[in-house]
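Enquirer: Here the structure of chain A is known, so what remains is to put chain B in place on it, guided by the hints.
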Amino acid sequence: MNKSETSKAAWALSSMLALAAIPAAAHHSTAIYDSDNPIELAGTVVEWQFVNPHCFILLEVTDAAGERKVWSLEGGNTAGLFRRGWTPNTLKAGDAIMLTVRPLRSGSPGGNYSNPRWADGSSIDPKPSGSN
Amino acid sequence: MRRIYWASLVLGVAACSNEPAETVVSYPDWSGQWARIGSLNWEPEGYEKAGPPPLTPEYQAIREGYLAQRANGVLAGDPPATCLPPGMPRVMTMSFPMEIIVTPKVTYIYADWESQVRRVYTDGRDWPDYILPEFNGYSIGQWHDENGDGAYDMLSIETRGMKGPRSFDSAAVVLHENNETVVQEEIRRVDESTLEDRITTIDDALTGPWTVNRRYSLEKDPVWVEYVCAEGNRHLKLGDEWYFINDETGTLEPTRPGQPRLVPEAR
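Quick note, the sequences are listed as chains A and B, same order.
Using our numbering, you'd call the opening residue of the first sequence number 1 and step up by one each time.
Using our numbering, you'd call the opening residue of the second sequence number 1001 and step up by one each time.
In isolation and in its complexed conformation, chain A is listed as follows (with noise of 0.2 Å):
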């Protein structure tokens, strides 16, 4: 599947990715990020910032009920990403993308993300963790 063909947003719930969604280690306290509880999070991204101290993704999402929402959705830093072989360029405007999340305690449409997948499942990560 070419990950910029998926029209629509898919949306789920699961806590199954629980461990999964433990994310790099951070520069601060992710209390504000509810980890008992992640979600999946399909969509299509509107911006990819290569920035620190965290990269975000902001990737539109339609609900189950036909409402999008833009999420801002914090990743690692760009030094382990870089060095893990992401760039400003990894992602673009379009690509059709999966997350695991832990939302925002609040219930606005942020988070912190982990396990990054195109829509067809393959990872995104250009070198997972323990490759070279």
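Hints listed in this document are in silico derivations from the structure and should not be mistaken for laboratory results.
Ideal Cβ positions, reconstructed from N, Cα and C, are used throughout, including at glycine.
There is no bait here: all hints are sound.
Which stretches of chain A does chain B cover? Using the computed rule of at least three CB atoms under 8 Å from a CB of chain B, they are: (1) 71 to 79; (2) 102 to 108.
Here are the computed lysine-lysine pairs in the DSSO-like style, where the Cα-Cα straight-line distance is at most 30 Å: (3) A:127 / A:92; (4) A:69 / B:1237; (5) B:1220 / B:1105; (6) B:1220 / A:127; (7) B:1163 / B:1237; (8) B:1105 / B:1163.
Expert: For chain B alone, kept in the frame of chain A given last:
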């Protein structure tokens, strides 16, 4: 191990004059990129394994208060979340790698985290009458030849004059607000690829001096990446409230249930 000989040129000049020759001193070569080994907790093994931090009852209660707030989505007790520098001693956790530049009068410890630089003066100076408080404090060091081979191999450091707020780590373990912290360190290379910093912190938030051994590994293929925290930070503290900056909508999103969303009045 590679060494750096600083006085060889001086000695060569002295040999051609009537001036007494200086003693050749050599400093260890600690160049390269050093990456953190161990937990982001101040205890390198982590508090779950090493036990809780040795806080006074007052500061243990403060920590518990912060942790209770965190359970509700508030980033309490973690100053770097707003891009404040970690300060001493937390910077030595090295969430990101460090570089050490040794010169005879000053050793520079460069931390990629917040692009922070520590200057450790080894020129024999005494403490100044007044120290302008800084997050990393004011550091005076002294070189030692531990194995007696005539070459320096250990740097001891004392740091005073820190400012706050500071925490030991992101686990809500904060230093005393009086900022009368004293940090004593001994940095030595324990093998070709490992550097150790034995760090003792004396602070009124603690029941006594707290010593940890932080270690760092020498990266074989170092990559340095700029770190500017203000570039994309989304965490904002206004008074006692924390917000999540939503750049796209121009709003401040709540981080805890029941907290109002802030929308600029002009909108």
